[in-house]
Amino acid sequence: MAIAPQVLAIDLGTSGMKAALVAADGTVTGWAERPVPLRVLPGGGAEQDPLAWWDALAEVVADLGRDHPAHLRAVTTICSSTQGEGTIAVDAAGEPLTPCISWLDMRGAPHLRRQFGGFPSYDGISIVRIARWLRLTGGMPSITGKDPAAHMLLVRDEMPDVYARTKTFLNVLDWINLKLTGRTVATVDSILTSWVTDNRKATAIRYAPSLVAASGIDRDKFPPIVTCTEVIGTLAPSAADHLGLPASIRVVAGAIDNTAAAIGAGTVRDHEPHLYLGTSSWIAAHVPAKKTDVGSGIASIPCALPDRYLMTALQATAGANLTWLRDKIVEYDDPLLAAGHISRDEGTIFDAFDKIIPSVPAGADGVLYMPWLYGERAPVDDPHLRAGFLNISLETTRSDLLRAVFEGVALNTRWMAKAVDRFLGAPVSSMVITGGAARSRSWCQIFADVLDIEIRRDANPVQVNARGAGWIGAVGTGMIAFSDIPDLARNDEVFEPGPDRAVYSDIYEVYTQLHKRLAPVYKRLHRATGGPHRP
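Using the numbering used here, the first residue of the sequence shown is number 81, and each one after it goes up by one.
Hint data in this document are derived by calculation from the structure and do not stem from the laboratory. All C-beta atoms, glycine included, are put in the ideal place defined by N, C-alpha and C. Please note that a few of the clues may not be correct.
[Claimed, not checked] Derived pair list, reagent style DSS-like, types lysine-lysine, alpha-carbon separation capped at 27 Å:
no.	residue 1	residue 2
1	Lys435	Lys408
2	Lys408	Lys281
3	Lys281	Lys370
[Said to hold, decoys possible] Label pairs and their in silico Cβ distance ranges:
no.	residue 1	residue 2	range
4	Asp572	Arg215	38 to 48 Å
5	Gly505	Arg215	14 to 24 Å
6	Glu175	Gly505	24 to 34 Å
7	Gly197	Leu118	22 to 32 Å
8	Ser318	Asn471	50 to 60 Å
9	Ala561	Ile207	16 to 26 Å
10	Ser473	Thr403	48 to 58 Å
11	Pro386	Asp129	31 to 41 Å
12	Thr107	Pro579	31 to 41 Å
Please work from the sequences and hints to get the whole structure.
Structure representation (structure tokens):
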């Protein structure tokens, strides 16, 4: 039987490199991944090695070739989805001069304030500048320093020799595309958090001369901008050799992860939201107009759909709380997991957790967890917040703590969802849940109960970014249209709110007070001690 044309979908997240073979109908054949370390540095730094990404990509493509040789031979297109807000300085030959400064990196925050300060100001940033950003871009640089606007200033001010040799600053997606094609471009979504573009017309995203001039970065260090569906070239000979693929394969520009996930979840209609659960999490929905909610840090931004924006509300850490729990509190051979009768060979950490979570009543025996391991982005932008357990007693068990972590992330999402409802103009009553952490059925049910809405689980949540990249590539090469996608998307289970929703409504009333009461405490602790990862 003939194999349909395949898109090699690259999915580069914070945890590592993944790739899949995706047909135009969304069928995913093959899945391979390699971890790539994240280096957390003193002073708020977080970096990854771009060359490690490139080597890992060759390894996962080789894995796909061994397991699915016929499907790999059917690849006609490559398209990528990557983590966003990373920054790589590259030289004239396209070689990286720095590690990737990660979206978690806060070292640029003081440089941001120096560059954009003035009177009157908000959190050290000139209000006049903020007004200009909001009018033209729809947003503004994060005062945490966690985006390219601050990263580039960090390089300029602390690495002047590197800055002088820098030909272009590239986001993660842009660097992968440069390696694939030899062409230097940015997509309408990858360039966003450089905060130098005029986004007022979705079909004509372009640089704003006033913002570029004020950025403190030389104009020629910004790459040309393309749409997410543009065919930017074919595989460069060096890339073809590295990956063992024909040089004739076309490369579509692709998108950063939140853009790709909105496509991969099938949520392409206006005001149709999805909740992504990965290292971080977000609620996103396509909308017809540019809009910003300054108070909650939610905005509609350029995306893969050519005439739409993507409303995005970002929660800094979601699945990262489970990673912390797994790595610092429990392990596969821990008695806590043995009680769930699961081993590394029998299933995932989510299978183990799902055997334990139902044994603990809703409310985790009164324990509350605040999932702010690395600050927060929405509905408050506060780098000083940190995670914590509240109301632990002598009777508290580790199973209680486990459930409290699951519930804490969901309660934080409810806090954010209230702002999303206001932004969209109507309460959300149903939402697709996707991303790797959506594999936990217990967590899906907790989200349904805490949010008090219907939760529809993506049938293959781990593959959502790859599937989104596959569909963007398929649209870019004319295999499908975006309007075809809702009929191709698949959900495997629907979770309805249960009786525990009443418990969570009471708990949520307490949770909403935590930030107001604790934010001054965190700020004082950071001043007194320097705090972990202080920018």
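Here is what the structure says about each hint:
no.	hint	in the structure
1	Lys435 <-> Lys408	holds, 20 Å
2	Lys408 <-> Lys281	violated, 47 Å
3	Lys281 <-> Lys370	holds, 8 Å
4	Asp572 <-> Arg215: 38 to 48 Å	holds, 43 Å
5	Gly505 <-> Arg215: 14 to 24 Å	holds, 21 Å
6	Glu175 <-> Gly505: 24 to 34 Å	violated, 48 Å
7	Gly197 <-> Leu118: 22 to 32 Å	holds, 31 Å
8	Ser318 <-> Asn471: 50 to 60 Å	holds, 57 Å
9	Ala561 <-> Ile207: 16 to 26 Å	violated, 43 Å
10	Ser473 <-> Thr403: 48 to 58 Å	violated, 26 Å
11	Pro386 <-> Asp129: 31 to 41 Å	holds, 34 Å
12	Thr107 <-> Pro579: 31 to 41 Å	holds, 38 Å
Figure legend: structure checked against the earlier numbered hints; hints not met, in rising order: 2, 6, 9 and 10.
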